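2 protein chains.
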Amino acid sequence: MSLIGLDVGGTSMKAALTQDSEILLTESWPTDREDPVGGILDFAAHLASRATALGSPAQAAGIALPGIVDESTGTAVRSANLGWRDVPMLELARERLAIPVAIGHDVRTGGLAESVLGAGRDAGDFVFMAIGTGIAAALILNGTPYPGTVGWSGEIGHVVVRPDGAACGCGNRGCLERYASAAAISRRYGASVPAEEVIARARRNDEKAAEVWSEALDCLADGLAATTLLLDPSLIVIGGGLAKAGESLLNPLTTRLADRLTFRDAPRLTLSELDDQAAVRGATILAARLLKPSPPKK
Amino acid sequence: MSLIGLDVGGTSMKAALTQDSEILLTESWPTDREDPVGGILDFAAHLASRATALGSPAQAAGIALPGIVDESTGTAVRSANLGWRDVPMLELARERLAIPVAIGHDVRTGGLAESVLGAGRDAGDFVFMAIGTGIAAALILNGTPYPGTVGWSGEIGHVVVRPDGAACGCGNRGCLERYASAAAISRRYGASVPAEEVIARARRNDEKAAEVWSEALDCLADGLAATTLLLDPSLIVIGGGLAKAGESLLNPLTTRLADRLTFRDAPRLTLSELDDQAAVRGATILAARLLKPSPPKK
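Chains as they are written, first to last, in my numbering: chain E, 18 to 315; chain V, 18 to 315.
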């Protein structure tokens, strides 16, 4: 008997089939931008039939979704990127698969996986921040991602770090993700250079790259300082595509965060251990918990 | 049998003796700035003997303290204002009073009272923000103030809202409380005019007052927008001395907060119902819970 874990992104969907914590197979499909909901259901059904073919029928599925997600009702409330509104994803998937299904928010699900299996496994309450096309965070309190009261906690990407700064797609100005997401770093440097390469050029003393990267680091430190002052986490785990920058990200960010916290110690900063598999692994954990609820981590 | 609730402030200490939720007496003493700990213990002992004299001996005491407080060990970790460090307040008070004692953080204790008895009693998770000499917040999650991992959550007063702005006592620049605390409003207007009068003058179109007050409102809205984006509370309750400004504070702040939250609704904003009694009432609740632990509010 196996579990399906599925993570829906803006351009691709990733999935894993797991049996007794062993991964039987992983698979990736492009996201169907015309009919993303249909694409998710088709992919899930395909995984279920693969599981049966492998002699290990799927017992439960977890699906991590972007945007605003109401985990309690299993509703995909909204995704600007994928264009859906109020999709009863839990119901649709349960109907299609005929097994128990859990719906999660992608970043919170990733944070859950880091909490159980990854960089946060020995931590108390911590913050998982994913830096990719956008920036969002999951607040892990008592071993569980805290969704907020309407499922919209952790929107650190839209915290204003530069008042009256650059216009953001959200309608506001100076939002963190306008300066420090992988997309923003690439855009601010120009010439379609990906963020990873901008960071590499900054190390090689390309002046423009160094300026863009330093501003991104300052903005990230500003956002994390505000988060620390409000929440007092024990640890901050950084994931998402930009975490691939490794020490080039972690070292200067650690210094700049400490500089901003004048009257208290900074929480430890570390990199995600599950990388781009965090949300898939978290979705699998959600599926497993449907079958055997586990007590909150102490 | 009665309960002692005691709230220690920078200039005065407030207390109430309560029996079956009825207040038997309230009393206020000046804070002993030479020996604040001794002053607290003397005041508490005095209250206990008043209780006995009234024929209702004190059964338990709750003491709300400023600064950094570790509620789990009952330690007054630090108060810059009162100059103490690592005072084992729980032990000292228990020794002096010979009854059960609970130690709380003043703002979190005020938030607890608003949650049980005040403006937050019908709310889910909410934020209580006290604006006085400084600015701090209590995060009420599942009916309980969330202290953070080292007892230092809710430090919204030091969230930077004006990068490279005015120097703050904390060593950083542009902190919220440098613009929007009652002390800052008074200082920025000048001529020793108290904040309440600055706000009154702003209403009467005193240009300088209007400018100072508008900047304070903008900064408060910036801080609350960041808090909302990170935590997604259902409600924000505003207490502390500045809450006396009432609608002059609430109305423009509600508008400015909504303006900043471009892609989501703003949580409702309301005023504290317990005013300057919030922390005393909360301290009494802490004392009561020592005798009869109550389940977390749903």
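Derived from the structure by calculation, the hints contain no laboratory data.
Predicted, not measured: the structure shown is a model, and the values here were computed from it.
Here a beta-carbon is modelled for each residue, glycine too, at the ideal position from N, C-alpha and C.
Keep in mind that a hint or two might mislead.
Here are some chain V residues pointing at chain E (derived, C-beta under 7 Å) [said to hold, decoys possible]:
| hint | residue |
| --- | --- |
| 1 | 161 |
| 2 | 167 |
| 3 | 172 |
| 4 | 186 |
| 5 | 187 |
| 6 | 188 |
| 7 | 220 |
| 8 | 248 |
| 9 | 258 |
| 10 | 279 |
| 11 | 307 |
| 12 | 308 |
The calculated label-pair distances, taken between Cβ atoms and stated as ranges, are [what the hints assert, rightly or not]:
| hint | chain 1 | residue 1 | chain 2 | residue 2 | range |
| --- | --- | --- | --- | --- | --- |
| 13 | E | 224 | V | 207 | 36 to 46 Å |
| 14 | E | 282 | V | 108 | 40 to 50 Å |
| 15 | E | 167 | V | 186 | 56 to 66 Å |
| 16 | E | 59 | V | 307 | 39 to 49 Å |
| 17 | E | 42 | V | 117 | 25 to 35 Å |
| 18 | E | 98 | V | 264 | 32 to 42 Å |
| 19 | V | 59 | E | 228 | 17 to 27 Å |
Right, here's what the structure says about each hint:
1. 161: violated (11 Å)
2. 167: OK, holds: residue 167 of chain V within 7 Å of chain E, min 6 Å.
3. 172: holds (4 Å)
4. 186: Not OK, violated: residue 186 of chain V not within 7 Å of chain E, min 9 Å.
5. 187: holds (5 Å)
6. 188: holds (3 Å)
7. 220: Violated, because the Cβ-Cβ distance from residue 220 of chain V to chain E comes to roughly 26 Å (cut-off 7 Å).
8. 248: holds (6 Å)
9. 258: violated (22 Å)
10. 279: Holds: closest Cβ of chain E sits about 3 Å from residue 279 of chain V, inside 7 Å.
11. 307: violated (23 Å)
12. 308: violated (26 Å)
13. E:224 with V:207: 36 to 46 Å: For residue 224 of chain E and residue 207 of chain V the Cβ distance comes to about 44 Å; the hint holds.
14. E:282 with V:108: 40 to 50 Å: Violated, since residue 282 of chain E and residue 108 of chain V (Cβ atoms, about 25 Å apart) do not stay within the stated range.
15. E:167 with V:186: 56 to 66 Å: Since the Cβ atoms of residue 167 of chain E and residue 186 of chain V sit about 36 Å apart, the hinted range of 56 to 66 Å is violated.
16. E:59 with V:307: 39 to 49 Å: violated (58 Å)
17. E:42 with V:117: 25 to 35 Å: Given range 25 to 35 Å: violated, Cβ gap about 58 Å.
18. E:98 with V:264: 32 to 42 Å: Roughly 40 Å apart at Cβ, these two residues keep to the hinted range, so it holds.
19. V:59 with E:228: 17 to 27 Å: violated (60 Å)
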